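Single-letter residue listing:
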Amino acid sequence: MIAIPVAFALAVTACGSDDDASPTTEAPAATEAPAATEAPAATEAPVEGVSGLVEDGKLIVATTGNFPPFTAINPDSGENEGYTIDIAREAATRLGLELELPTVDFVAELEGLSQGLYDIADSGIWPTPERQESFLFSRPMTSTGIIAQVRAEDADSAGFADVSGLNVGGIQGSSQEKYLLENEAELGYSSYLGFAGAGEALIALKQGRVDVLSQDSLVASFVAANDEELATAGPTVLAHPLSFAFQLGNEAKRDAFDAVLNEMIADGSLAAIQQAWFGVCIPVPADIDAQEPYDILPTGDC
Amino acid sequence: MSDFDFDIIRRSWPLMREATWVSIQVFAWSLVLASFIGLLFALMRLSNVRALRWIAGIYVWIFRGLPALVILFFAFFWVGRVLDLTSFQAAILGLGVSSGAYKAEIIRAGILAVDNGQREASDALAMTRAQSMRRIILPQGIRVMIPNYVSNSTLLFKSTSLATVIGLNELTGKSRQLANSTFKPIEILTAAGVIYLVLTSVLVGAQVLLERRYAVKA
Chain C
1 MIAIPVAFAL AVTACGSDDD ASPTTEAPAA TEAPAATEAP AATEAPVEGV
51 SGLVEDGKLI VATTGNFPPF TAINPDSGEN EGYTIDIARE AATRLGLELE
101 LPTVDFVAEL EGLSQGLYDI ADSGIWPTPE RQESFLFSRP MTSTGIIAQV
151 RAEDADSAGF ADVSGLNVGG IQGSSQEKYL LENEAELGYS SYLGFAGAGE
201 ALIALKQGRV DVLSQDSLVA SFVAANDEEL ATAGPTVLAH PLSFAFQLGN
251 EAKRDAFDAV LNEMIADGSL AAIQQAWFGV CIPVPADIDA QEPYDILPTG
301 DC
Chain R
303 MSDFDFDIIR RSWPLMREAT WVSIQVFAWS LVLASFIGLL FALMRLSNVR
353 ALRWIAGIYV WIFRGLPALV ILFFAFFWVG RVLDLTSFQA AILGLGVSSG
403 AYKAEIIRAG ILAVDNGQRE ASDALAMTRA QSMRRIILPQ GIRVMIPNYV
453 SNSTLLFKST SLATVIGLNE LTGKSRQLAN STFKPIEILT AAGVIYLVLT
503 SVLVGAQVLL ERRYAVKA
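Chains C and R, in that order, give the protein sequences. Each residue of the first sequence is one higher than the last, beginning at 1 in the numbering used here. Each residue of the second sequence is one higher than the last, beginning at 303 in the numbering used here.
In case anyone wonders, no lab produced these hints; they're calculated from the structure. Warning: the hint list may mix true and false statements.
[To be verified] Here are some chain C residues the structure puts well away from chain R; computed CB gaps all over 10 Å:
hint, residue
1, LYS58
2, GLY65
3, PRO102
4, THR103
5, ALA108
6, GLY112
7, GLY173
8, LEU193
9, ALA196
10, GLY197
11, ILE296
[Said to hold, decoys possible] DEER-style ranges, computed between Cβ atoms:
hint, chain 1, residue 1, chain 2, residue 2, range
12, C, GLU182, R, GLY367, 31 to 37 Å
13, C, GLU228, R, ARG514, 54 to 60 Å
14, C, GLN291, R, TRP363, 30 to 36 Å
15, R, VAL504, C, ARG209, 33 to 39 Å
16, C, ARG131, R, VAL504, 56 to 62 Å
[Stated by the list, open to error] Calculated from the model, a selection of chain R residues having no Cβ within reach of chain C, i.e. all distances over 12 Å:
hint, residue
17, ASN350
18, VAL351
19, TYR361
20, TRP363
21, GLY419
22, GLN420
23, ASP425
24, VAL467
25, SER503
Everything numeric in this text was worked out from a predicted model, so none of it was measured. We put the beta carbon where it would ideally sit given N, CA and C, even for glycine.
Given these sequences and hints, build the entire structure.
Listed below in structure tokens is the structure:
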């Protein structure tokens, strides 16, 4: 009985191909330093060596690859790309490290980070006080908020200012879902549907299964700009910073990364990356505990 | 259906093909491990030694009772941490021990289904227990095992999709990543579904061939 599966396993393995999840490894790219276009933040001295790396000479940045425009996979090239990926690539270059981008599920990303398998988790994480008990966070790399994603014909609707009686949806486990569930009574929506990912949630919105999707503001704007059937509506709520996460106790590594982020803000390269992915520049708070009272996410030319 | 974007499938195909290959390899090796574990623990369950029966019983109880997803998580983040396993190796270990518990019961049931007179006949021919098992019991038991064994193997193949939680870039994980990156879940998941259907059909075909091979000649 065993002979059959053994033969099969040997047959398929003999055909070649390496293992699995071999992470994407990228050699440091040439550094580009666009002209500074926004007020420089405090700049620290260039970093000489980084302590506490999982592997010497490498910056291992775990990513989900399923949260555009922050991290996504390009179907044509097969490469990870996005706002946080570009920042990680630039940071690795400036730190003189080889970038490795293992692609994992979000739960495994955080678990692997806490176990010390990765240096950084990059999926645009809101450094809430609860999360700060479990992870160290970099200085913010952007601010964002929560906004209602709607069908294009509802672009003039009130968004979260009035969702009473509507069917709303969100992505399971996200901050945007949490906002809906924690404010159910106040918002007065009719029903809630949680989806496994953005792809499914957006299809449900287009098909009319839900009327409003609770989305990250930057993601929602990106979707609206790339899909004429969809739009954003109403005010931004709960504006907050997004950061990179580190294992607790890795202050030296986090500080080295923060120094690079500060450099990138000061010399305008972060603004250039924002321009590339969001089409506008977004304010970057200095403090991870910042809770900005934005009604709309302030943006401007870089 | 008119909005169905075939082009996104064409563009995603190289990545999906690569991920399919990972799924096939994990399936093949975990099937080997599961079959080995299954045969070993089935024989232990049928042993005259009480300790062996107990050990095998506890194994089956634990690994048939735990969801494969949980086993995979432990295989990577606990055992895998100690043994320094890659996600590929941890997936084979996790799926192998999980499926092995089912295989043990399938093989045990197949052995028990062989008429007791066959054992008595082999005793009468002065065969040892091992000879009897190898030459008389197992060849007849296999006939009974084949449908359940292949059905369980089909489930095992589909269970490789769970390994995405430990970072394995197999077909389902890669498809979900592509679906969320391109906002085209229907197209991408339809393509993934077709790939799974084709590959599980190969297993069903193998079942038919095996049943013919072991059929009782009239």
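Going through the hints against the structure:
The non-interface label for C:LYS58 is consistent with chain R: the shortest C-beta to C-beta separation is roughly 16 Å, beyond 10 Å. For C:GLY65, the shortest C-beta to C-beta distance to chain R comes to about 5 Å, within the 10 Å cut-off, and the non-interface label is violated. The claim that C:PRO102 lies off the interface is violated: its Cβ sits roughly 6 Å from the closest Cβ of chain R, which falls inside the 10 Å cut-off. With 10 Å as the threshold on Cβ separation, the claim that C:THR103 sits away from chain R is violated: the shortest Cβ distance comes to roughly 6 Å.
Distance to chain R contradicts C:ALA108 as a non-interface residue, since its nearest Cβ pair spans about 5 Å, not more than 10 Å. With 10 Å as the threshold on Cβ separation, the claim that C:GLY112 sits away from chain R is violated: the shortest Cβ distance comes to roughly 7 Å. Residue-level check passed: C:GLY173 sits 13 Å from the nearest beta carbon of chain R, beyond 10 Å. For C:LEU193, the shortest C-beta to C-beta distance to chain R comes to about 15 Å, beyond the 10 Å cut-off, and the non-interface label holds.
Look at C:ALA196: its CB is around 8 Å from the nearest CB on chain R, not clear of 10 Å, so calling it non-interface is violated. With a closest Cβ-Cβ approach of about 4 Å to chain R, C:GLY197 is found to fall inside the 10 Å limit, against its non-interface label. The Cβ of C:ILE296 sits about 24 Å from the closest Cβ of chain R, beyond the 10 Å cut-off, so the non-interface label holds. Look at C:GLU182 against R:GLY367: about 35 Å separates their beta carbons, and that is inside 31 to 37 Å.
About 56 Å separates the C-beta atoms of C:GLU228 and R:ARG514, a value consistent with the hinted range of 54 to 60 Å. Remark: the range hint 30 to 36 Å for C:GLN291 to R:TRP363 is contradicted by a beta-carbon distance near 50 Å. At about 35 Å, the beta-carbon gap between R:VAL504 and C:ARG209 stays in the expected band of 33 to 39 Å. The hinted window of 56 to 62 Å between C:ARG131 and R:VAL504 is violated, with their beta carbons roughly 45 Å apart.
Listed as outside the interface, R:ASN350 is consistent with that label: its C-beta sits roughly 22 Å from the nearest C-beta of chain C, beyond the 12 Å cut-off. Annotated as non-interface, R:VAL351 keeps its C-beta farther than 12 Å from every C-beta of chain C; the closest such distance is 22 Å. Every CB of chain C is more than 12 Å from the CB of R:TYR361 (nearest about 18 Å), matching its label as outside the interface. R:TRP363, annotated as away from the interface, keeps every beta carbon of chain C farther than 12 Å; the closest lies near 23 Å.
Every CB of chain C is more than 12 Å from the CB of R:GLY419 (nearest about 23 Å), matching its label as outside the interface. Against chain C, the non-interface label of R:GLN420 holds: every CB pair exceeds 12 Å, the least being about 18 Å. Every CB of chain C is more than 12 Å from the CB of R:ASP425 (nearest about 23 Å), matching its label as outside the interface. For R:VAL467, the non-interface assignment is contradicted: its Cβ lies about 5 Å from the closest Cβ of chain C, within the 12 Å cut-off.
Distance to chain C confirms R:SER503 as a non-interface residue, since its nearest Cβ pair spans about 15 Å, more than 12 Å.
Hint violations for this structure: numbers 2, 3, 4, 5, 6, 9, 10, 14, 16, 24, all remaining hints satisfied.
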